[in-house]
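Taken in order, these protein sequences are the chains called A and B.
According to the working numbering, the first sequence is numbered sequentially starting from 1.
According to the working numbering, the second sequence is numbered sequentially starting from 605.
Simulated from the structure, these hints should not be mistaken for lab results.
It is possible that some hints are incorrect.
Unchecked claim - Here are some chain B residues the structure puts well away from chain A; computed CB gaps all over 10 Å: (1) Gln619; (2) Gln653; (3) Phe657; (4) Lys667; (5) Arg674; (6) Cys677; (7) Arg678; (8) Glu692.
To be verified - Here are the simulated lysine-lysine pairs, DSBU-like style, with alpha carbons at most 35 Å apart: (9) A:Lys562 <-> B:Lys622; (10) A:Lys476 <-> A:Lys359; (11) A:Lys244 <-> A:Lys175; (12) B:Lys622 <-> A:Lys202; (13) A:Lys220 <-> A:Lys181; (14) A:Lys220 <-> A:Lys77; (15) B:Lys667 <-> A:Lys562; (16) A:Lys77 <-> A:Lys218; (17) A:Lys575 <-> B:Lys622; (18) A:Lys244 <-> A:Lys181; (19) B:Lys667 <-> A:Lys575; (20) A:Lys48 <-> A:Lys280; (21) A:Lys145 <-> A:Lys260; (22) A:Lys562 <-> B:Lys643; (23) A:Lys181 <-> A:Lys357; (24) B:Lys675 <-> A:Lys575; (25) A:Lys455 <-> B:Lys643; (26) A:Lys438 <-> A:Lys562; (27) A:Lys515 <-> B:Lys622; (28) A:Lys562 <-> A:Lys476; (29) A:Lys68 <-> A:Lys244; (30) A:Lys562 <-> B:Lys668; (31) A:Lys127 <-> A:Lys181; (32) A:Lys181 <-> A:Lys202; (33) A:Lys438 <-> A:Lys515; (34) A:Lys438 <-> A:Lys357; (35) A:Lys226 <-> A:Lys138; (36) B:Lys668 <-> A:Lys575; (37) B:Lys643 <-> A:Lys575; (38) A:Lys260 <-> A:Lys138; (39) A:Lys247 <-> A:Lys220; (40) B:Lys679 <-> A:Lys575.
Just so it is clear, the structure is predicted and the values come from calculations on it, not from any experiment.
Backbone N, C-alpha and C fix where the C-beta goes; we use that ideal spot for every residue, glycine too.
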Amino acid sequence: MNFEFKEESGLEFTGNWFIDSGVLGFVRLLEDIYGIELQEIREIARRKEILYFGLFPFAYICSEINRKATAHSRVPKDLINEFRFELLNSDWESGEEIFEFTWNNYVTRAAMKVWVERKLESVLFKKNGVDELPSDLKDSVTSIKKDADELEKKLVEKHADDLNKILGHRSKRFKSDDIAKILSVTDDDLREFPEDLSYSFKEYRDCLLNLMGLFEEKWKRDVVGKERVPEALDLFYRLPIDNKFYKNFLFFQYSAAHQKQKESLLDIISFRVEDLEVLKKVDKTINKFLTSYKKAENTYYAPLTSRHLKSFSEYLFVYLISFDRAFEFFNRMGYVLFYSNDLDITYRVNRKLRIRKSKIEDQSVLLRVTWQEIIDSLIELKSEWALENMYIIKYRDVNSQTQRFVDVEYIGISKMHAAILLDDVIRENINHTLQVGKSEYVWLLEHLIQNKPLKPVVMRHLVMRASGRTGQMSIKPLIYALAIDSEVFSGLKACVFEDPLEISPRMEEVVFRIKEAYGEMNTARRNVTELIPRGTRENTLNHLMSILRRNNRYLFVNTLLKILMQENEAFHRLKNYLFNRILQNDETWDIYAAALLTGFLGGR
Amino acid sequence: MHKKLKPLSEVDYWQIKKYSRSAFENIGSESYRQRLVYKLLNTARVNNQSDFFSFLLRTLNSKKGDENVRKLCRKLEWVYPLNPENFEKVAYSIIIGIMAAGKGE
Chain A
1 MNFEFKEESG LEFTGNWFID SGVLGFVRLL EDIYGIELQE IREIARRKEI LYFGLFPFAY
61 ICSEINRKAT AHSRVPKDLI NEFRFELLNS DWESGEEIFE FTWNNYVTRA AMKVWVERKL
121 ESVLFKKNGV DELPSDLKDS VTSIKKDADE LEKKLVEKHA DDLNKILGHR SKRFKSDDIA
181 KILSVTDDDL REFPEDLSYS FKEYRDCLLN LMGLFEEKWK RDVVGKERVP EALDLFYRLP
241 IDNKFYKNFL FFQYSAAHQK QKESLLDIIS FRVEDLEVLK KVDKTINKFL TSYKKAENTY
301 YAPLTSRHLK SFSEYLFVYL ISFDRAFEFF NRMGYVLFYS NDLDITYRVN RKLRIRKSKI
361 EDQSVLLRVT WQEIIDSLIE LKSEWALENM YIIKYRDVNS QTQRFVDVEY IGISKMHAAI
421 LLDDVIRENI NHTLQVGKSE YVWLLEHLIQ NKPLKPVVMR HLVMRASGRT GQMSIKPLIY
481 ALAIDSEVFS GLKACVFEDP LEISPRMEEV VFRIKEAYGE MNTARRNVTE LIPRGTRENT
541 LNHLMSILRR NNRYLFVNTL LKILMQENEA FHRLKNYLFN RILQNDETWD IYAAALLTGF
601 LGGR
Chain B
605 MHKKLKPLSE VDYWQIKKYS RSAFENIGSE SYRQRLVYKL LNTARVNNQS DFFSFLLRTL
665 NSKKGDENVR KLCRKLEWVY PLNPENFEKV AYSIIIGIMA AGKGE
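My request is simple: use the sequences and hints to build the entire structure.
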C-alpha cells in the first residue's frame, strides 16, 4: 500500500483520527518547545532527518523533563535555542549521526538538573538512598548528609515557628517538596529571622548546594558529551522521566537504564520493526485506546502488525508516542480535541481554542467558541471539504488501567452549509446574535450550522420587537435568515439517489437563490414600511403576527387585503408577492409572510 | 360519493386572477368594487362558498354580455365545485383580481 501525500514534507493527516491526533501532538510538541509554527515545521520537514532525529527527540525529552521539573530545573530557553541553531546550521550525514549528537550533547544537558534533584531527594529522604550511590561518591555524600541531618534536626526543634513561615507547614522532618523552597530563599529573606536560625539555615542550604554540586559534576563527567555512560552506572544515570499514558513503554520503564532509554527512542524514530518486539504490533502497550494484542485476540480478524503500516506512515511511532500531546485539558470537561481530516484546519482551531482556554468553562461555550474558530479558519483557508468530517473528542483521564472516553461528538457541516458560509455577504449578515427572550440570545450562524430552522428564532425575536422588549433594531439579518430558511428547508426534492454531477452546481445555485429571495423579501418589506402609514402598521402588527403563529394562511391574506384596500399604491406593489409567494406557495408561504411582517416593524 | 374534483394548477389560478381583473374593469364604481371586496373577503374568511359565489355571480350577471365576463364565467364553470382548500385559493385570486382592476390608471 503506497500512500501519496499532498505535501512534499509528508506532514499531513492520514485520515485515521488516531494517527492524526499523533501528528497533531507532534506538531504541538515542536511548537511548545521551539515556538515554531506549522508552516515552519513543514519547511524543516523537507530535511526529514533533522526534524525526526534531531528536533523531535530533544523536544520530546524536554517536554517530559519539564513535566517533572520544578521552577529551577526546567530546560532553559537558551539551551533550546542553542541546540536548534547548531542543529539547523550544520551538515549531517545520517539520521543516526544527528540523533547521537542530539542525545549526547543536548538531551543530557537538558536532563541534568532534574536528575540532580531526584538524586538529592533520594539521598535525603530515602532510607538507603546513600547506599545506592557509586563508591566514589559515597564517602563525601555520607559526610555531607550527616551534617545536613544534624542541621535539620536543630532547625526543626528550635525554630519550628519561623520555619513554618518559610515552608508553610510544621513537621518533624523536611519533605521532598521543601527542597525547592529552601533553595529559593535568599539572604535578604533571612534577615527578618533570628541570627541563629539564619546561620543554620544558610548552612543547611550550603549542604544541599554541595550535594547538588557533587552530582552535577559526576553527571557532567560521565554523561554529557559521552557516547556511552559507564556500564556499571547505567541505571544510576537513568533519565528521571515517567508518563502515565505510556507507562512501561520502552524508555518509560523504571528498569530502563540510560543506554536503553537512548536506544529505544532511536528505535522508535527509525521504526525498527524487525528488531523490537514492542514495535511489531500496535496495541495497548503503546496506546491505551487500543486493545491488547494478546488478551483479546478475537477482536482481530487479521492481527494488525506495524509492518503493514510502515509504508503508510514512515514515522508512525513518532506520532503514536506524541498522541497525548494533542489533547488540551479544559476545566470541568476533561481532555478535549477538535478533529477534522485536514491538518491545517485542525491545527488552527485547536491552537485558537487553547488561546481562549480560560474563557471556556462548559460544554455550550466550548461549542460556540469552537464554531467561531472554525468559521475564522474556514474563511482563511477555504478548506471546504474538511468541514464535512469534524469531531470533538473528549476523554476524562487516561492512565495505564483506564481509558475513559467521555464523548465523541460529530459536528460536521454539510456541503450546502459550507457553501452558504463561504459567501461573505450572507455570512456577515447572519453572524448576528438575536435577542429572543428576556436574557436569551441566539447566534444565528450557530443555529444554521447545526441545521436548525431559523424562522422560529426570527418569529420569537419579532414578538420581542413588537412588544418593545428589545433594543435591537437591525432588519437585514432577519431577512437573510428567512431567505436562507426558504431555500434550505424547501424545494429540495427528497431524492435518495442523486446524480453526483448535479450536486455541486446546485450548491452554487443555492447561494444565488438565497440572494434572490432576499431581494424579493426586502423589496416587499420596504414597500410595506414606506407605503403603509405608521399607525395602521402598529395597529395590525400583533393581529397579523398571531395569525401567522397559528399558521392560518388565508386569514393572513384576508386581513392583509383589508388593510391594503385603503392603500392603493401599496396593494399594487405587493399584489404579485401576495399572489405568488403566499397564496400560491404551499411550502414556504409562512417564511415569506414573516418577511412581510418585518416591514410592519420599521427599523433599519 | 363525492364527484372527483379537478386538480388546479398555478396556471388556472393565474387565469382566474387575470380574467377577474379584466372583467371588473367595466363593472361598477370604485366604491362599489370596494364594498364587494369587503363582502367577498368576509365570506372567504369563513369559507362560505355559496355566499361567495352568490355575491360574485349576482355582480357578474349584470354584465353578462361583456366578453371578459364571459371568459371568467367559463373558467368558473370549469372549476366549480371546489374543495375548501382550492376554494380559498380561487377566492383570493378573484379578490386580488378585483382589487387590481381599475386601480392601475
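We went through each hint and held it up to the structure:
1. Gln619: 12 Å, holds
2. Gln653: 13 Å, holds
3. Phe657: Correct as stated: the minimum Cβ-Cβ distance to chain A is 17 Å, above 10 Å.
4. Lys667: Answer for Lys667 (chain B): holds, closest chain A Cβ roughly 22 Å.
5. Arg674: Non-interface label stands for Arg674 (chain B): nearest chain A Cβ at 23 Å, farther than 10 Å.
6. Cys677: 21 Å, holds
7. Arg678: 21 Å, holds
8. Glu692: Given that some Cβ of chain A is not farther than 10 Å from that of Glu692 (chain B), nearest at about 4 Å, it is violated.
9. A:Lys562 <-> B:Lys622: Holds, because 20 Å separates the two Cα atoms, which is no more than 35 Å.
10. A:Lys476 <-> A:Lys359: Between Lys476 (chain A) and Lys359 (chain A) the Cα gap is close to 30 Å, so the pair holds against 35 Å.
11. A:Lys244 <-> A:Lys175: At roughly 24 Å apart (the allowed maximum being 35 Å), Lys175 (chain A) and Lys244 (chain A) satisfy the hint.
12. B:Lys622 <-> A:Lys202: Distance of about 106 Å is beyond 35 Å: violated.
13. A:Lys220 <-> A:Lys181: 25 Å, holds
14. A:Lys220 <-> A:Lys77: 20 Å, holds
15. B:Lys667 <-> A:Lys562: 26 Å, holds
16. A:Lys77 <-> A:Lys218: 24 Å, holds
17. A:Lys575 <-> B:Lys622: Since the Cα atoms of Lys575 (chain A) and Lys622 (chain B) sit roughly 12 Å apart, the hinted pair holds (cutoff 35 Å).
18. A:Lys244 <-> A:Lys181: 27 Å, holds
19. B:Lys667 <-> A:Lys575: Roughly 26 Å separates the two Cα atoms, so the pair holds.
20. A:Lys48 <-> A:Lys280: 23 Å, holds
21. A:Lys145 <-> A:Lys260: Measuring from Cα to Cα gives roughly 31 Å; hence the hint holds.
22. A:Lys562 <-> B:Lys643: Roughly 11 Å separates the two Cα atoms, so the pair holds.
23. A:Lys181 <-> A:Lys357: Cα-Cα ~30 Å, so holds.
24. B:Lys675 <-> A:Lys575: 22 Å, holds
25. A:Lys455 <-> B:Lys643: 34 Å, holds
26. A:Lys438 <-> A:Lys562: Between Lys438 (chain A) and Lys562 (chain A) the Cα gap is close to 34 Å, so the pair holds against 35 Å.
27. A:Lys515 <-> B:Lys622: 29 Å, holds
28. A:Lys562 <-> A:Lys476: Holds, at roughly 28 Å.
29. A:Lys68 <-> A:Lys244: At roughly 12 Å apart (the allowed maximum being 35 Å), Lys244 (chain A) and Lys68 (chain A) satisfy the hint.
30. A:Lys562 <-> B:Lys668: Roughly 28 Å between the alpha carbons, so the hint for Lys562 (chain A) and Lys668 (chain B) holds.
31. A:Lys127 <-> A:Lys181: It holds: about 22 Å lies between the C-alpha atoms, which stays within 35 Å.
32. A:Lys181 <-> A:Lys202: 13 Å, holds
33. A:Lys438 <-> A:Lys515: 32 Å, holds
34. A:Lys438 <-> A:Lys357: Answer holds: Lys438 (chain A) to Lys357 (chain A) is near 28 Å, not above 35 Å.
35. A:Lys226 <-> A:Lys138: Since the Cα atoms of Lys226 (chain A) and Lys138 (chain A) sit roughly 23 Å apart, the hinted pair holds (cutoff 35 Å).
36. B:Lys668 <-> A:Lys575: 27 Å, holds
37. B:Lys643 <-> A:Lys575: Distance ~19 Å between Lys643 (chain B) and Lys575 (chain A) Cα, so the pair holds.
38. A:Lys260 <-> A:Lys138: Given pair Lys260 (chain A), Lys138 (chain A) holds - Cα atoms ~25 Å apart, limit 35 Å.
39. A:Lys247 <-> A:Lys220: 28 Å, holds
40. B:Lys679 <-> A:Lys575: Cα-Cα ~21 Å, so holds.
Checked against the numbered hints given earlier, the structure breaks hints 8 and 12 and satisfies all the rest.
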